[in-house]
Amino acid sequence: QQPVQSPQAVILREGEDAVINCSSSKALYSVHWYRQKHGEAPVFLMILLKGGEQKGHEKISASFNEKKQQSSLYLTASQLSYSGTYFCGTQSTDSWGKLQFGAGTQVVVTP
Amino acid sequence: GAGVSQSPSNKVTEKGKDVELRCDPISGHTALYWYRQRLGQGLEFLIYFQGNSAPDKSGLPSDRFSAERTGESVSTLTIQRTQQEDSAVYLCASSLVSGTSSYEQYFGPGTRLTVT
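For the protein sequence lines, the chains are D and B, in the order given.
Per the working numbering, residue 1413 is the first one in the first sequence, and the count goes up by one each step.
Per the working numbering, residue 3 is the first one in the second sequence, and the count goes up by one each step.
In the DMTMM-like style, the derived pairs of lysine to aspartate or glutamate whose C-alpha atoms are separated by at most 25 Å in a straight line are:
no., chain 1, residue 1, chain 2, residue 2
1, D, Lys1438, D, Glu1465
2, B, Lys13, B, Glu87
3, D, Lys1449, B, Asp26
4, D, Lys1510, B, Glu70
5, D, Lys1449, B, Glu106
6, D, Lys1467, B, Glu106
7, B, Lys19, B, Glu70
8, D, Lys1462, B, Glu106
9, B, Lys59, D, Asp1506
10, D, Lys1438, B, Asp58
11, D, Lys1479, B, Glu106
12, D, Lys1462, B, Asp58
13, D, Lys1449, B, Glu46
14, D, Lys1462, B, Glu46
15, D, Lys1467, B, Glu46
16, D, Lys1462, D, Glu1478
17, D, Lys1510, B, Glu87
18, B, Lys13, D, Glu1452
19, B, Lys59, B, Glu70
20, D, Lys1449, B, Glu87
21, D, Lys1510, B, Asp58
22, D, Lys1510, B, Glu46
Computed from the model, here is a short list of chain D residues facing chain B with C-beta under 7 Å:
no., residue
23, Ser1442
24, Phe1456
25, Ala1515
In short, the hints are calculated from the structure, not lab data.
Cβ atoms here follow ideal geometry from the backbone N, Cα and C, with glycine treated the same way.
Just chain B, same shape as in the assembly:
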């Protein structure tokens, strides 16, 4: 079946503009995760969804970052008033229910965001 998809694959934006990044998880995966990966660095947790609720938003760097999810489907990560330090690859992952056990996460190809 189809894997996790993300769009756009690349986004170049000017400092101060808003951007929206989209993630389509694997069908049936109720858990969805957003991570940020700066060049040469590890995966930084941003937020995760269980269904359309977000039990843990602790990783969002500032109030310029927000995310929402429609049901158990598409999620959108929005960055308002982008700054140069927001430049990174934003990865989305999905997994089966994470409330009672731990399941492998399937990652999308990422969106490379460059803020000029």
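The following block holds chain D by itself, in its conformation from the complex:
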């Protein structure tokens, strides 16, 4: 089942902060975050694993609430390069290997 992302879109000025949320109805093993710029392939940002392990870029911050099956991605002091569509992908405990992606959150950072 596809996770639900919110908001659908957000517009920021450079330097502002934003939070993107991802919620699943299934028990999760991991949550992945990717960013896709227009006309390009998605690029890996971070993985959050059940049990607290995180793998990803140092400048990206995210959290994973295992009890609520929710994850949040924090865009802090946004830069123009943060613009793009952010997708969360969830790996449930009963469907190993398969990632279900949310519909995406479009982020626009303006000067």
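Could you slot chain B onto chain D? The hints should help.
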């Protein structure tokens, strides 16, 4: 090293024709994934391979879609009797073993399929 490559980058075909899309994963990546992305939409899971076996084919939309993988290398996604609703970008991704943990997926540039 080389990333994930896909071919062709663009494919225009007539309704009813068959098409083959190819994916070359990163060397050493045993897991390979196919996704479909319609214009302005999210990533729709199609199938994933662990080595040359496909533990999960649940995302294939119909029996017109099939995929195979040779060893831990190239994969081919075949769409038979294409329909206009098959028009989309087909993305391939690869990762290290996914059987015991979760690893980042590296995406190819995609194949843009247009069915006329």
